[in-house]
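Peer 1: Single-letter residue listing:
There are 2 protein chains.
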Amino acid sequence: MKIMILLFDNYTALDIVGPYEVLNKLPNSEIYLVGTEKRAYKDPYGLKIFANSSIDEISEADILLIPGGPGIDKLLKNKEVLDWIRKIDATTKWTVSVCSGSLLLAQTGLLDGKNCTTHWRRKDQLRKFNVTVKDERYIQDGKYITSAGVSAGIDMALYLASKIAGDQVAMMFQLAIEYDPKPPFDCGSPDKVPKEILDRFK
Amino acid sequence: MKIMILLFDNYTALDIVGPYEVLNKLPNSEIYLVGTEKRAYKDPYGLKIFANSSIDEISEADILLIPGGPGIDKLLKNKEVLDWIRKIDATTKWTVSVCSGSLLLAQTGLLDGKNCTTHWRRKDQLRKFNVTVKDERYIQDGKYITSAGVSAGIDMALYLASKIAGDQVAMMFQLAIEYDPKPPFDCGSPDKVPKEILDRFK
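Chains as they are written, first to last, in this note's numbering: chain B, 1006 to 1207; chain R, 1006 to 1207.
In short, the hints are calculated from the structure, not lab data.
Incorrect hints may appear among the rest.
Claimed, not checked - Once the Cα atoms are required to be at most 20 Å apart in a straight line, the calculated PhoX-like pairs of lysine-lysine come out as:
1. Lys-1053/B / Lys-1187/R
2. Lys-1047/R / Lys-1043/B
3. Lys-1187/R / Lys-1139/B
4. Lys-1053/R / Lys-1053/B
5. Lys-1187/R / Lys-1187/B
6. Lys-1187/B / Lys-1168/R
7. Lys-1139/R / Lys-1187/B
8. Lys-1047/R / Lys-1053/B
9. Lys-1079/B / Lys-1053/B
10. Lys-1092/B / Lys-1082/B
11. Lys-1047/B / Lys-1053/R
12. Lys-1098/R / Lys-1030/R
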């Protein structure tokens, strides 16, 4: 099973590594970090992850994963990347995104007419496409699964693992990463947080 | 605020990037990925993260974070790394670990007599040290905070952020990474999983 994760400058690291830590456990999986060039890519805080493949080397995938991050906006105008996503998607069993990665998928037209989601701060931007934006942690529409912001990629990847390898295997993965979350606060979505905290994001 | 994350071959990527994605948001924070050498380090599945500092360049920190992973066992005998951890710890406000990273902290002697935790599969190994092993998602004892397996680093980092910058700031961080977890299964700890799944880990 060939899994391609798109890498670009100013990604959000947890968008990548959350699902990565689940999907790398799929039997016979090979994960490729794929950039426009084969080089290191930085997140906004200086973390450097290396792309071990360039997009011109990759022509097919079983799973294509598009992470998000501030760098996604620049990619929305990158014809080479948009064309590559369309080409790979024509070969995939699953095409998935985390956080603002769904904007890039929407820009390719692949989400046209579909249910999808994104980071709560990006929903107005996603609504400008020909899609139906849902308030879900992750949402499947056919072979497409999009997820909410950043940490939602972990939940999405476990769901995807269950679709590919069955519930028992996905449960093993969840136990392997000891994903029994106990956040110190109950404020991880905009409808749960006090207004004064939400206002700080304006 | 200088935050040092120890990097080594065969780390678990989410042990690093989970807390990283929280702590990078602390005001005036600088995060250093620190290896014995300044080079790329691989996880067991081929992800390559670059160490932008080597341990001989770093002599102090506000926060020292030790991630876990299969590579931790080899480090338990690495005098250079153990000495470096003791030296940096003498300067820190907080010394924290994720997953099996607590074994390395225990090996330095810094956890002697303290309450701590680790990944559920590593608890017997941790009990061999002069420590009290607790069944907690994360546990603070003085300036030391250790956490359970892999994904627990996110919860631990949010707690740490609240201790450093206050609850309101930590709540902002939690909302920023949309950490409103909805795992597809309720099986993230060994006491919650069906026995036949737990048996597969033997």
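Peer 1: Run every hint past the structure and note whether it holds.
Peer 2: We went through each hint and held it up to the structure:
1. As the CA atoms of Lys-1053/B and Lys-1187/R are separated by approximately 29 Å, the hinted pair breaks the 20 Å bound.
2. Simply put, Lys-1047/R and Lys-1043/B have alpha-carbon atoms about 16 Å apart, close enough for the 20 Å limit, and the pair holds.
3. Of the pairs offered as hints, the one joining Lys-1187/R and Lys-1139/B holds, with about 16 Å between alpha carbons and a cut-off of 20 Å not exceeded.
4. Among the hinted pairs, Lys-1053/R with Lys-1053/B is consistent with the structure: their alpha-carbon atoms are about 8 Å apart, no more than 20 Å.
5. Under the criterion of a C-alpha separation no larger than 20 Å, the hint pairing Lys-1187/R with Lys-1187/B is consistent with the structure, at around 11 Å.
6. In summary, the hint linking Lys-1187/B to Lys-1168/R is supported, as the alpha carbons are separated by about 17 Å, within the 20 Å threshold.
7. Proximity of Lys-1139/R to Lys-1187/B is assessed by CA-CA distance (about 16 Å); at most 20 Å being required, the pair is judged to hold.
8. Between Lys-1047/R and Lys-1053/B, the direct Cα distance comes to roughly 12 Å. Compliance with the 20 Å bound is thereby established for this hinted pair.
9. Using a Cα cut-off of 20 Å, the hinted pair Lys-1079/B and Lys-1053/B holds, with the two alpha carbons roughly 19 Å apart.
10. A hinted pair counts as satisfied when its Cα atoms are at most 20 Å apart, and Lys-1092/B with Lys-1082/B qualifies at roughly 17 Å.
11. With a CA separation close to 12 Å, the supplied pair Lys-1047/B and Lys-1053/R stays within the 20 Å bound.
12. Taking the CA atoms of Lys-1098/R and Lys-1030/R, the gap is about 18 Å. The hint holds against a cut of 20 Å.
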